[in-house]
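Please model the entire structure based on the sequences and the hints provided.
Keeping their order, the protein sequence lines are chains Z, G and Y.
For the first sequence, our numbering begins at 1 and goes up steadily by one.
For the second sequence, our numbering begins at 1001 and goes up steadily by one.
For the third sequence, our numbering begins at 2001 and goes up steadily by one.
The set of hints was computed from the structure by calculation and includes no laboratory data.
Keep in mind it's a predicted model, so treat the numbers as computed, not measured.
Beta carbons: idealized from backbone N, C-alpha and C, even for Gly.
Among the hints, a few may not be true.
Distance ranges between label pairs, derived from CB positions [stated by the list, open to error]:
#: 1; chain 1: Y; residue 1: F2101; chain 2: G; residue 2: D1029; range: 45 to 55 angstroms
#: 2; chain 1: G; residue 1: G1350; chain 2: Y; residue 2: K2042; range: 24 to 34 angstroms
#: 3; chain 1: G; residue 1: D1188; chain 2: Y; residue 2: N2251; range: 22 to 32 angstroms
#: 4; chain 1: Y; residue 1: D2187; chain 2: Z; residue 2: G253; range: 57 to 67 angstroms
Below, a list of computed lysine to any residue pairs in the SDA-like style, where the Cα atoms sit at most 25 angstroms apart [as the list claims (entries may be wrong)]:
#: 5; chain 1: G; residue 1: K1073; chain 2: G; residue 2: P1179
#: 6; chain 1: Z; residue 1: K97; chain 2: Y; residue 2: K2203
#: 7; chain 1: G; residue 1: K1233; chain 2: Y; residue 2: V2091
#: 8; chain 1: Y; residue 1: K2097; chain 2: G; residue 2: K1131
#: 9; chain 1: Z; residue 1: K91; chain 2: G; residue 2: F1138
#: 10; chain 1: Z; residue 1: K91; chain 2: G; residue 2: Q1035
#: 11; chain 1: Z; residue 1: K97; chain 2: Y; residue 2: R2111
#: 12; chain 1: Z; residue 1: K97; chain 2: Y; residue 2: M2255
#: 13; chain 1: G; residue 1: K1316; chain 2: G; residue 2: G1347
#: 14; chain 1: G; residue 1: K1131; chain 2: Y; residue 2: M2255
#: 15; chain 1: Y; residue 1: K2137; chain 2: G; residue 2: G1185
#: 16; chain 1: G; residue 1: K1323; chain 2: Y; residue 2: D2187
#: 17; chain 1: Z; residue 1: K91; chain 2: Y; residue 2: K2137
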Amino acid sequence: MPLDTSTYSLALLRVDGRRWNELRRLHAQIRTQDAADGSSYLEMGHTKVMCIVTGPSEQQQQRRGQTSQRDAAAINVNVVIAGFSSVDRKKSGRNDKRIQEIEVTIANALASNLHTHLFPHSSITISLHVLSQDGSLLAALLNATTLALIDAGIPMTDYIAACTAGSTSTYAAGDDSADPLLDLNNQEEQELPFLTVATLGDSDRIAVLVCESRVQVTRLEGMLVVGVDGCKQVKQFLDQVVREKGAEMVREGAVEKSDAMGMVLDE
Amino acid sequence: MASQQILFSPAELAYLHRSLSLKPPIRPDGRAPTQFRPLTAETGILPGTNGSARVHFSDGTEAIVGVKAEIEKTIEAPRAEESKPESNEAASERTRGDWLELAVEIPGQRDDEASTVFLSEMLREALLADKEFAKKLFINRRFHWRLYLDVLLISPPLSYPLPLLSLTTHLALLATRLPRLKSEGDEDPMFDDDWEASTFLYPQEGTATNGSRPPITLLVVAIGDNVIFDPAKEELAVAETALAVSVAEVRRAQKAGDMEVDSKGRELSLLSIRTIDPPSRLTPPGVPHTSNTGSSAFAPTKLQKAGDQETEGVWKAPLGGTKFGVLDGIIQAVLEKGGVADEVLDGLEGVELS
Amino acid sequence: MADRRRVNGPGGITVPPIYEAEDLPLPDRSRQPNGIRAQYLKTGVTPSASGSAYLEIEPQNGSVSKGMKLTCTVHGPRSLPRSAPFSPHMVLSTHVKFAPFATRQRRGYLRDSSERDLSTHLETALRGALIADRWPKSGVDVIVTIIEGDQARQVAVEQGIEEWDMMNVLGGCITVAAAALADAGIDCVDTVSGGVAALVPGKDGEEPVMVLDPVPSEHEEILAACCVAYLPSRDEITNLWLKGSLSSDANLQRMLIARAVHASKGSSQAVAASLTEAALAG
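Pasting the structure below:
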């Protein structure tokens, strides 16, 4: 369904009523599963994903050409997109190249962020389930993975927080005055050029940058700035989720409050 | 199934087998032989689907099922054109099983792996075994609903996921709603946009509730003389026989004034049975103390013979099949009035449908 | 998640060509309810395999049933590849495949879900019969090819009886695989054999009757069917597959299983006769 983007210039409101720099509603939970080493559930608007982390555990027998690494843990990422996740039911096989690409992108981002050298001869398996998709899929998957890895207690340098940024008019329009947009939904993604960006913690260091649509170079910088700014907001949110869960666990006595814990529990 | 590796030593297996063969059996998690693992369930979790459910067993395994329905043109059999136009009744008889598509996703396994296919065929078979289900998808002679059931196991497969997936599917089907049909006869179907007006695939109250309800598939194992329901991984590892039995409740119209019909218990019909290859056949055998050259002073003279005879308390993988009596015992235990199937269905009925 | 990189083909279904239908004879069963079709079984048909067997089930006159032809080859026991983990038992792998020309509608070269499902059933049936701990660290492959399916596939799809047909195919697979395993000299507790029984509505609205070795196209409708893999000398069942709607009357499924066991005794005679013949011929 083509999106009528012309209305944006009138009221400066997007199809779902947001301003250009507004994120959609974020909601997340960690430790949703008792059996898993780490788990999380994340909603970015109507995009809903679940993440389960297993490991670090003994290397399973080599499957599907996974090279066993002798001095670092191997990271296996598995993305399952449920058939019912989009409006029209579409079954994507496990050999879907797009899904494989997402898996590789996530694995590469984590490989540089996790301290895998601490777990030689072992593997960390991340399985992601997409329950509902409405744009910013890769960003949601990255954020959910970060939360689940924190729940699993796997050492990492910093949060990886991701979001998407787009531009208000299409490439063909050649509109130089196009404004950047933050956190696109599915409808906007169909129509407008956009990129997915992930940053490390509060820094401006970029961990992932994926842009697969055609866009004028002059617009790119604006989009990137807005995207990085969005990532900071996302990081704030993820941090808050982790802190709240931590505080709750201390309250319930699941973990002991110690002096070594370098965080302030908001109580 | 066979791909699941069993990481129990022969001594552990022998211990498990002995404690599970006692009367009454002592299960590792302290349950009664007919007791299910406690579970939490919710329905209607995904607004983008026609029906959805999530079930969470106490051992941490979790599954989500989403149901989506699409309209599809019925492909007419060429012969039908020549014959006289059938009545709607007769046409609705010509339903086909492939109107239902069921896919099972298990993390870390390919979806065309034999064990995954086996699971999904088992769930599909139980649904289609009585011809009632496909009739529910009939719209008119030219169109039908095509139902997609996507079964997702969220957690890693800790135990054989069949009961979990089956219960989740049952709930998702109970929660499935289809838009209300506005058009009549054989014209192109038109539907009511109002989701509030949609109808349940399995009506909940009124006279329409008669007929079959969605099936449940129970996993039952026999160990020694005991019949044990909903086995955990350890129990399955020593099971001599494992059967997946699908049953469904059939509700019959109650005649007015017929008070006796209103007795306790429901009428169950058996839909399908499949033997599951128990992983116990792949377990390593124990070595009896007498034939262990490492521990005893004299080496056994006839190694071949020592390997064949069974020693009390030493684990040996079961050999051969199952006696008819044992199979029959399992089936009777499932179908028993007021038995486990009843209990499970009662529990599932308590789940609020949204 | 739209695909922005490639141009994909159109979604939706395509309709396979439908050929003019033959005149079908009316469904009618000429055999007795307790009669099974004649079987021809020969072992040692494939010299390159360590064991093999060929099974043919006679076609029925005046029926759409064209009989069934299956072959099975057994490769092994042979050592497992170096990369495989240690196994204290023989690792059994089963493959069931319809030849592309076996049915009216062409089957592809890749195994579809019904074929995979059949292989799992066959694996369960054979694993119960094998004495697997006599061959640690080794593997055996059992490959069953259905050269000719039971009947015109088109008919089966149209009448919606295709799924019932699978039980017959499985019964044949079990019998032929057991003979091939025996030919390969792999130790089994007994030769397992397959048998099928079904509950069909009686003529002129009478009580439903049980029939052995049902051919789905011979009946208007099948209410329930059951396929067993049976070890005759031990009186044990290694695989049970039952489906259909049965009321809670406990005797019905008991009877059905018993009839299927009875049918499998018939096939086991064929297996025994063929193996004796092969042994005498040296």
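Earlier hints that do not hold, by number: 2, 3, 6, 8, 10, 12, 13, 15 and 17
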